[in-house]
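J.: One letter stands for each residue in the lines below.
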Amino acid sequence: MSISGGQQPSTSLRIVAVFPDLLGTYGDGGNVRILKQRARWRGIDTEVVAVDVTDPIPTTGDIYVIGGGEDGAQVAAMSALRRPGRGGSALSAAVKGGAQILAVCAGFQMLGESFTDVDGVITEGLGLLDVRTTRLRRRAVGELLAAPAPELGLPTLSGFENHGGCTDVGPDAQPLATVIRGVGNGSSRGRPTEGAMTAGIVATYLHGPVLARNDMLADFLIARATGTELSNFAPLEVPEHQALRAQLGLQR
Amino acid sequence: MFSRRPPSTTRAPSAHVQARASAALLRARNGLAISVGHAAASSSRRFGRGSGATVSGLIGLKIAPELLRTLANARRVAVVSATNGKTTTTAMLTAALETEGPVLSNSDGSNLARGVVAALMTDPHGRYQSCVFEVDELALDSVAQDTAPGLFVLGNLSRDQLDRMTEVQALSARWQRMLLDVATQVRREVGSSRPPVVVANADDPLVVAAVMPLTEGADSVLPVVWVAAGQLWTVDSASCPRCTEPWLRLPNFRCAACGFARPEPSWGLEGHDLVGPGGLRRRLNLLLPGRANRANAVLAVAAASVLGIDADAALNAISAISDVGGRYASTRIGGVEARLLLAKNPAGWQEMLAQGREEAGDGHPIPVVLVLNAQGPDGRDTSWIWDVPFEDLDGRRIVVSGERAQDLAVRLRYAEVDFELCAEPLQAVAVAAGAVVAAPLIDVIANYTAFTDLRSRLGRT
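Taken in order, these protein sequences are the chains called A and B.
Taking my numbering, I'd label the letters of the first sequence as residues 1 to 252.
Taking my numbering, I'd label the letters of the second sequence as residues 1001 to 1461.
Worth double-checking, as some hints may not be accurate.
Estimated spans, in silico, between C-beta atoms of each pair [stated by the list, open to error]: (1) A:Glu151 / B:His1364: 48 to 56 Å; (2) A:Ser114 / B:Ser1142: 31 to 39 Å; (3) A:Ala93 / B:Ala1257: 22 to 30 Å; (4) B:Pro1065 / A:Glu151: 56 to 64 Å; (5) B:Thr1215 / A:Thr54: 24 to 32 Å; (6) A:Ala93 / B:Glu1216: 44 to 52 Å; (7) A:Ser114 / B:Arg1174: 23 to 31 Å; (8) B:Arg1174 / A:Ile122: 18 to 26 Å; (9) A:Glu113 / B:Ser1022: 56 to 64 Å; (10) B:Thr1122 / A:Ser114: 54 to 62 Å; (11) B:Cys1243 / A:Gly227: 40 to 48 Å; (12) A:Thr54 / B:Ala1423: 41 to 49 Å.
Hints listed in this document are in silico derivations from the structure and should not be mistaken for laboratory results.
For each residue, glycine too, the CB sits at the ideal point set by N, CA and C.
Bound conformation, chain A alone:
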């Protein structure tokens, strides 16, 4: 299996999968696999650490991946993260130290100030992202297409959304993308947006999983986590991604 990539200084990368059994309902474990493989194909020495709910989250990760899950799982994960020394503070410290977090769906909501479940119960989030989640009147299920914030240098984002949450992005965070087709965050204020981001966080409602449909987003995260920029990476030739995006009507 040969993939051509650019010349990169060999660095190491530690990917931390946060509670993969609890928060992996939508195949989001695939994001970890994609990050790992692409980093290895670029000659980066990569390790994956899966953290169970009963374990503390290490602060030494370079990319943390938090996936989606059902309501009950999300609440259980949140309570695990709130235990002293368990999670929230580790994630916060890691991001301050330059790590990246990829958070999908439930993960996205948990990073925020608070989220509301289907029974109207409000749970406090980790407060790492200036977002607040309430409930959509109707569950958002279907194909989602979004134009990413231009400064990211990424092509159109594509995926499948399946969420009951309606997320409001506050002033201290920025939407990841604007919706072309689909629901996205669902907030009624202004143009429909999708996801949210800060310097160290990419959060989204896109499943697919998101990196299967958007390989350049994976490289974006790897670049940032290894202290460089996407523009310094030569493209990896993985024809299956190109063919899939072409089938979806998307450009590279």
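The hints should help you fit chain B onto chain A, whose structure is shown.
T.: The following block gives chain B in isolation, referenced to the frame of chain A:
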């Protein structure tokens, strides 16, 4: 401008007359429902739209909403539900019961209320006293309400079609409510006939959570038969279903926080052996391959036993089953023996791949065509393929096919297994067979609509 009508001066019919009139009307309505339904079904078949079963049942219910209740009345009904294995377990239980008499079943796999009604509509005069129905997990509670089953067989619950299905834990809660309602009704009927029995998989925490309350305190009026049918796919029960606390899954699950634990089974699958009460132990020699089918067999034998069928007689009948609704059936496609297999969700695929490994043993690994669609009935989101351990296919010749072949191609690329892509399934079969010299047998694993499309294009067997 409305004018008030003067009060009616005619005498209202007596209650007795009214009741006879209502009953006659109901009978007429039911009769009409059955005739119109059948007519619609045959026209549906003639115009080539599926088996027609769904149509007849749907129309029947529209004309007479009480049709299911009416037609099921006074029959012995067993219902079988699970995320995976419903059709096979239903076929097995049916075969076991047929050793003692005719059995009515929705063997075409149409498992919503309309499918059950359609099966009953083929026997409006009640010649078939015994019925075994496969029922969709979401439809189970309403079908149970209308058919008053004497036996529930509950196999497993896992993620499937997440864009259509309720969350899996919510499904477990629904089943629990259904069973508690049944228990309440039984308690109300003083001096009623035998209460319904529940046969349930003791190794699936979500099933156990639904059934366990029946064995506790005031609600313990329904007998429960626990069957250790095993469980490969444990990811959907990563936290305690009862108290949501995270827990460590051991072979026998137990929650340290609330005490919820795996119940003691009276039947089970141990390796290739069926074990049962009174020291019963039998080696399973099924024609249907794989662990999952052995588990289905144990569930079916336990259920048949509840209904008075001797375990050996049941096992004999079950061991003779070679295909279920086309699954596991072999067809010749262009000189190649192709075995059609169905897998619809991560748990099902995991069992299918394990079966493939078991069969390969130390022989030639046979080529495999993977056919993936994502239409409505399949679940439109293909994310779940990333939960499937396709790495287990390493060493086999793989051809990826179907409407979502390209999504599967990305998945396999990251699985680092070699594969070819050929979107059209029959061509893919030819490609897979292309390099085969020694043993012209290939496997075709397809998900729901891909499977039914392929079967109909190959001509139903």
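J.: Go ahead and decide if the range 22 to 30 Å is satisfied by the Cβ distance of alanine 93 of chain A to alanine 1257 of chain B.
T.: Check passed, 29 Å falls within 22 to 30 Å.
J.: Is the gap between the beta carbons of threonine 1122 of chain B and serine 114 of chain A within 54 to 62 Å?
T.: holds (55 Å)
J.: Threonine 54 of chain A and alanine 1423 of chain B, beta-carbon distance inside 41 to 49 Å?
T.: With a Cβ separation near 44 Å, threonine 54 of chain A and alanine 1423 of chain B satisfy 41 to 49 Å, so the hint holds.
J.: Mind checking the hinted window 18 to 26 Å against the Cβ distance between arginine 1174 of chain B and isoleucine 122 of chain A?
T.: Given range 18 to 26 Å: holds, Cβ gap about 25 Å.
J.: Is it true that the C-beta distance of serine 114 of chain A to arginine 1174 of chain B lies inside 23 to 31 Å, as the hint says?
T.: Since the Cβ atoms of serine 114 of chain A and arginine 1174 of chain B sit about 28 Å apart, the hinted range of 23 to 31 Å holds.
J.: A range of 56 to 64 Å was offered for this pair. Does it hold for the Cβ distance of glutamate 113 of chain A and serine 1022 of chain B?
T.: holds (59 Å)
J.: Given a hinted range of 40 to 48 Å, is it respected by the beta-carbon distance of cysteine 1243 of chain B and glycine 227 of chain A?
T.: holds (43 Å)
J.: Against the range 24 to 32 Å, how does the distance between the Cβ atoms of threonine 1215 of chain B and threonine 54 of chain A compare: consistent or not?
T.: holds (29 Å)
J.: Starting from the hint 48 to 56 Å, judge whether the C-beta atoms of glutamate 151 of chain A and histidine 1364 of chain B obey it.
T.: Because 54 Å falls inside the window, the suggested range holds.
J.: So the hint says 44 to 52 Å: do the beta-carbon atoms of alanine 93 of chain A and glutamate 1216 of chain B match that?
T.: holds (45 Å)
J.: Given the range 56 to 64 Å, decide if the beta-carbon distance of proline 1065 of chain B to glutamate 151 of chain A lies inside it.
T.: Holds, since proline 1065 of chain B and glutamate 151 of chain A (Cβ atoms, about 58 Å apart) stay within the stated range.
J.: I want to verify a distance hint. Is the separation of the beta carbons of serine 114 of chain A and serine 1142 of chain B within 31 to 39 Å?
T.: holds (36 Å)
Going through the hint list in order, the structure satisfies each hint without exception.
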